[in-house]
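Peer 1: Using our numbering, read the sequence shown as starting at 1276 and increasing by one per residue.
These aren't lab readings, by the way, just hints derived from the structure by calculation. Any given hint might turn out to be false.
Here are the computed lysine to aspartate or glutamate pairs in the EDC-like style, where the Cα-Cα straight-line distance is at most 16 Å [as the list claims (entries may be wrong)]:
| hint | residue 1 | residue 2 |
| --- | --- | --- |
| 1 | 1391 | 1560 |
| 2 | 1469 | 1527 |
| 3 | 1391 | 1563 |
| 4 | 1469 | 1519 |
Estimated spans, in silico, between C-beta atoms of each pair [as the list claims (entries may be wrong)]:
| hint | residue 1 | residue 2 | range |
| --- | --- | --- | --- |
| 5 | 1352 | 1489 | 12 to 22 Å |
| 6 | 1359 | 1413 | 42 to 52 Å |
| 7 | 1502 | 1390 | 42 to 52 Å |
| 8 | 1368 | 1475 | 49 to 59 Å |
| 9 | 1374 | 1349 | 40 to 50 Å |
| 10 | 1359 | 1388 | 36 to 46 Å |
| 11 | 1346 | 1317 | 36 to 46 Å |
| 12 | 1560 | 1472 | 39 to 49 Å |
| 13 | 1388 | 1464 | 37 to 47 Å |
| 14 | 1423 | 1511 | 17 to 27 Å |
| 15 | 1464 | 1349 | 18 to 28 Å |
| 16 | 1445 | 1386 | 37 to 47 Å |
For every residue, glycine included, the Cβ atom is placed at its ideal position computed from N, Cα and C.
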Amino acid sequence: MLSPPKAAAPPTDATPVPGPVPTRPAASTGPAARRPARLLAAAAVVWAAVMALHAWVPNAGVNAGSLFQTLLPWTGLGVPVLLGLAAVRRSRIAVVAVLAPAVVWATLFGGALTDKRSGGGDLTVVSHNVNEGNTDPAGTARVLVGAGADVLALEELSDEAATVYSRELAAAFPHHAVIGGVGIWSRYPLADVKAVPIMPWTRALRATARTPHGPVAVYAVHLASVRVSAAGFTTDRRNEAARELAAALRAEPAPRVVVLGDFNGTFQDDALAPVTSQLRSAQREAGDGLGFTWPAAFPVVRIDDVLVRGMTPRAAWTLPATGSDHLPVAATLGR
1276 MLSPPKAAAP PTDATPVPGP VPTRPAASTG PAARRPARLL AAAAVVWAAV MALHAWVPNA
1336 GVNAGSLFQT LLPWTGLGVP VLLGLAAVRR SRIAVVAVLA PAVVWATLFG GALTDKRSGG
1396 GDLTVVSHNV NEGNTDPAGT ARVLVGAGAD VLALEELSDE AATVYSRELA AAFPHHAVIG
1456 GVGIWSRYPL ADVKAVPIMP WTRALRATAR TPHGPVAVYA VHLASVRVSA AGFTTDRRNE
1516 AARELAAALR AEPAPRVVVL GDFNGTFQDD ALAPVTSQLR SAQREAGDGL GFTWPAAFPV
1576 VRIDDVLVRG MTPRAAWTLP ATGSDHLPVA ATLGR
C-alpha cells in the first residue's frame, strides 16, 4: 500500500536560502595598480639613458665610469629582464619603454654581431698575454706558430719563459727582441728597437718591422693592471701608463703603426681615450663578434687588442686558449 506523501518540513534557520552567487571583486585599474608599470617604464628609460650617456658616468672617487664602460656590452642583459617584468605586469607602456634600451644597445653593439671579416691584407699580427704563471710556454708557442702570423707580440714574459719562447719560436720567427716583460717576434727584420717608458719598469717595446710592403712601427704593450676592490676600480697607474703611451704615439713618425697588447681596459673605456683616439680597433672594424679575451675560461671583456694607424683592418679574431688566462688576438691588415 502506498503511503501518503509527507508534508514539506517548514524552513529553519539552518536551511540555506537561495540568493545571489558571490563574485570576486574586479581588479583595480586605478592609479595604485598602474604605478608599478609606470615605475618599470621609467626604469627602462633611465637604463637606456645611462647606456647612451655612458661617457658621462663620473669617474671621480671609485672610477665607476671606467668600470661601467668596461662592462658596457653586458648592459644589454637588462633588456630581457625588463621585458620579462613588463610581461608579468601585462603592461603595454612598459613593453614599449623597454624598446628604448634595446635600441641603444643595438646602436652601440649591434654591428659587432655581424661577421665583418674579409680577404686581402699583407700583414698578419698576433698578440698574446702569455701569463707569467703559464706552466706550458712550449705548448703556448706551438699554438701561436700555428696562427701563421708575420709579427707576434707577447706580454707578461718572465726571464725563464722568454728563453723558452725564443727557442720554440725561432724557426717561424727568425727576428725577435725582448725587453723586460714584453717581446716582439717577426718573420721580417726588426730595426730601431727600443723600450717605451710608460712605467718605472719596462712594459712597452717599439720596433720597426721591415716588411716587403714597407716599414711598420710595431708596439708591444702591457698597461698596468687594474683591480676591483672595496676602494673601487683602481685604474690610476693604468691611466698614467696610457697617457705616456699616447705621448709616444703622438711623436711616432712612421705612417703605418700597429699597437699590440694587453691594455687592461676596453676600447670603450674613455680613460684610455688618449691612446684609442689616435688608433682604430681591428676587432671593431673587421672582427666577428665582440671578441672577448679575458678570462680565457669564460671571456667577458676584451682587454687585449690590435690597434692600428695608417693601415686597414681586413679581419680580426681570437685564437684558441693556451696555458694563459688570456686568449690570443689576431688580425690581418692591409695598406
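Peer 1: If a hint holds in the structure, say so; if it doesn't, say that too.
Peer 2: Structure-based check of each hint:
no. : hint                    : result
1   : 1391 x 1560             : holds, 7 Å
2   : 1469 x 1527             : holds, 13 Å
3   : 1391 x 1563             : holds, 6 Å
4   : 1469 x 1519             : holds, 15 Å
5   : 1352 x 1489: 12 to 22 Å : violated, 45 Å
6   : 1359 x 1413: 42 to 52 Å : holds, 49 Å
7   : 1502 x 1390: 42 to 52 Å : violated, 35 Å
8   : 1368 x 1475: 49 to 59 Å : holds, 57 Å
9   : 1374 x 1349: 40 to 50 Å : violated, 19 Å
10  : 1359 x 1388: 36 to 46 Å : violated, 22 Å
11  : 1346 x 1317: 36 to 46 Å : violated, 23 Å
12  : 1560 x 1472: 39 to 49 Å : violated, 30 Å
13  : 1388 x 1464: 37 to 47 Å : holds, 40 Å
14  : 1423 x 1511: 17 to 27 Å : violated, 39 Å
15  : 1464 x 1349: 18 to 28 Å : violated, 43 Å
16  : 1445 x 1386: 37 to 47 Å : holds, 40 Å
Against the hints set out earlier in the document, violations occur for numbers 5, 7, 9, 10, 11, 12, 14 and 15.
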